[in-house]
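Enquirer: Which chain is which? The protein sequence lines are A and B, in order. Residues 236 to 498, numbered by this note's numbering, are exactly what the first sequence covers, in order. Residues 24 to 501, numbered by this note's numbering, are exactly what the second sequence covers, in order.
Hints are supplied without guarantee of correctness; some may be wrong.
30 Å max Cα-Cα, derived DSS-like pairs, lysine-lysine [stated by the list, open to error]:
1) A:K370 / B:K474
2) A:K314 / A:K473
3) B:K445 / A:K314
Think of the hints as simulated: they come from the structure by calculation, not from any bench.
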Amino acid sequence: MILQDSKTLLEVRGLRATVNGTEILKGIDFTVKAGEVHAIMGPNGSGKSTFAKVLAGHPAYVVTSGEVVYEGRDLLELKPEERARAGVFLAFQYPIEIPGVANSQFLRLTYNSVQRERGNDELDPLEFDDFVREKMKLLEMNPEFLDRSVNEGFSGGEKKRNEILQMALLEPRLAVLDETDSGLDIDALRVIAGGINQLSTKDNATILVTHYQRLLDYIVPDYVHVMDGGRIIKTGGKDLAVELETRGYDWVGEEFAAARVTA
Amino acid sequence: MSTALQNLVNQPYRHGFVTAIESDVAPKGLNEDTIRMISGKKNEPKWLLDFRLDAYRRWLKMEEPTWSSVKYPKVDFQAISYYSAPKSKPKLDSMDQVDPELLRTYEKLGVPMHERATLAGVAVDVIFDSVSVATTYKAKLAEVGIIFCSISEAVQLHPELVRKYLGTVVPVGDNFFAALNSAVFTDGSFCFIPKGVKCPMDLSTYFRINTQDSGQFERTLIIAEEGASVSYLEGCTAPKFDTNQLHAAVVELVALDRADIKYSTVQNWYAGDENGVGGIYNFVTKRGLCKGVDSRISWTQVETGSAITWKYPSCILQGENSIGEFYSVALTNNHQQADTGTKMVHIGRNTRSTIISKGISAGHSNNSYRGLVRITPKAEGARNYSQCDSMLIGDQCGANTFPYIQVKNHSATVEHEASTSKIGEDQLFYFAQRGVGTEEAVSMIINGFCKTVFQQLPMEFAVEATKLLGLKLEGSVG
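Could you put the whole structure together from the sequences, leaning on the hints where they help?
Expert: Shown next, in the form of structure tokens:
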């Protein structure tokens, strides 16, 4: 929801980043205020996922210029774990498997790491068990997932549910969901989107990185951005997503190129 | 490898101090006179001297084995001192007579030598260089007929038992290092659990090498008679020297009908520095004989130290329905090399064995699992299950698995599973993105990886092992 007088959560200015010496992000300007839902769309290789990982601080990406201010702090100065504790959450496109580590143990460790930072009480295993089971209901997850190793042997849909479960536990202020809809059947998509909607408040914001308009039928964005060649080349309202679905991305690129020539 | 990971795996060794104690050190070099000297110092019977000389003569004709994947400069066996003992009077009746300097050493190492201060009743035999300096709880164990003492003492007090079993599991000419050990072994632990007795406490030996140019050649012999059971723990450390020390031990276990021996090791010998200078060469022969029906021998090892580890705790499953188990975690860092695994030799009917091996390599180290499962023609219905998992930390290290499987009986079932995984940037980033720092993440990943082995360790040892792996891998996070 777009709110009057809401706080700016994230301000990105002229952000450029490289991976293995190749420039992927070529000057991104982007602002997110509390309460908003942003969708970032664009063709494969446009830099969407890179942008998500740079915000979270993935060590393989090097920021070469620009700035990122999160709640008034220089986000780029913070280590990935500090960003997470400060409320930045990334739902992974390909969640990582951790053999031998029980999901319950992992979830509790992450929960407590973040609570410690916020000055809240940590939960012991029994308290946490009650707490996490409640959260799992939101995503219609079977409690047996607590005893399994983190993401090991999970189906694509189960991994994505597990990501959103972590989002529900950590209660981030800025959630970046990288292709959370990919690989989901329609029922799973409905459940996961329902979960994400329930977690949305006027104090937090969500950035959805996606290929398809499909997800946006369930989670209605306030803004839709089109990314191509490492830049945001068009921004619009939720109708832009529908237009992209029917017309594809090419026309946006052409429009952008034409605008650059005249400018 | 990221700097965070690099810092994490470079943690200093905490047991690297030298005890300033006057020692009686034999001149370097090995010949028949050295052996006669050792035997004489220990006031040994003639049969034992003959045993040693027989081993020595066989050893002279043997070649140092080269089949393993470990690489090291040729050991000069004439540059080693084969006997080193603290000068204060040997064999004591009470802890109060132990040299205070020694007591302080073990206090520093966290090994309880005072019975009143011991952990929930663990009896300890303490070996310093070549001799046993103390054994706790001897009297209490004797009440139920258990003999727990140094092997030198056993030779004096129970020569018939030592003579009956010594060299029956690992014959004098078994291999190059076992032959060397048989010729020059100086001390070690001896345990005898009589018929039907369940040992009321864990027995433990703590090995410490203190002298720079001495080797440690200990000999351990554990016998569990019919229906007896015992859990035995072994710990080891050594000071930091920039030269290599040789540790060539032999451990023999004998389990008679329905006997149960559980042997756990946490090995933390000095591993050399980050450039691979110094450290212990750990060339050890450990073997258990399940001689009786329904007997069981279980090896659990956590190998974190030594410049080179060359060790295959094995089980000969002779008795019908006998069970052999091998649970291992081997961690190598810097330039450490480990070639370790097991041998399960199935001879009796319906014998079963389980092998769970977890190798963790970091730095420039190399970690190999090498294991043999042999099903002999008479081993009707024998079964084996093996699982060998390797984990790599960073991209400069190596892991190998060499399973040898020989099946000569059609009714046998042999299963082998193997996997290799990597703690990579992505795994650590995943943890970080959830607010968890590198150290905690690595520790959780490693403990998850080793869980099935740690569950086999006695409680206090499991805690120790978890801490030790943490120490080996923790550090300042960059």
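Enquirer: Please go over all the hints and tell whether each is borne out by the structure.
Expert: Evaluated hints:
Straight-line distance between C-alpha atoms of K370 of chain A and K474 of chain B comes to about 28 Å, which keeps the hinted pair within the 30 Å bound. Simply put, K314 of chain A and K473 of chain A have alpha-carbon atoms about 34 Å apart, too far for the 30 Å limit, and the pair is violated. Taking the CA atoms of K445 of chain B and K314 of chain A, the gap is about 22 Å. The hint holds against a cut of 30 Å.
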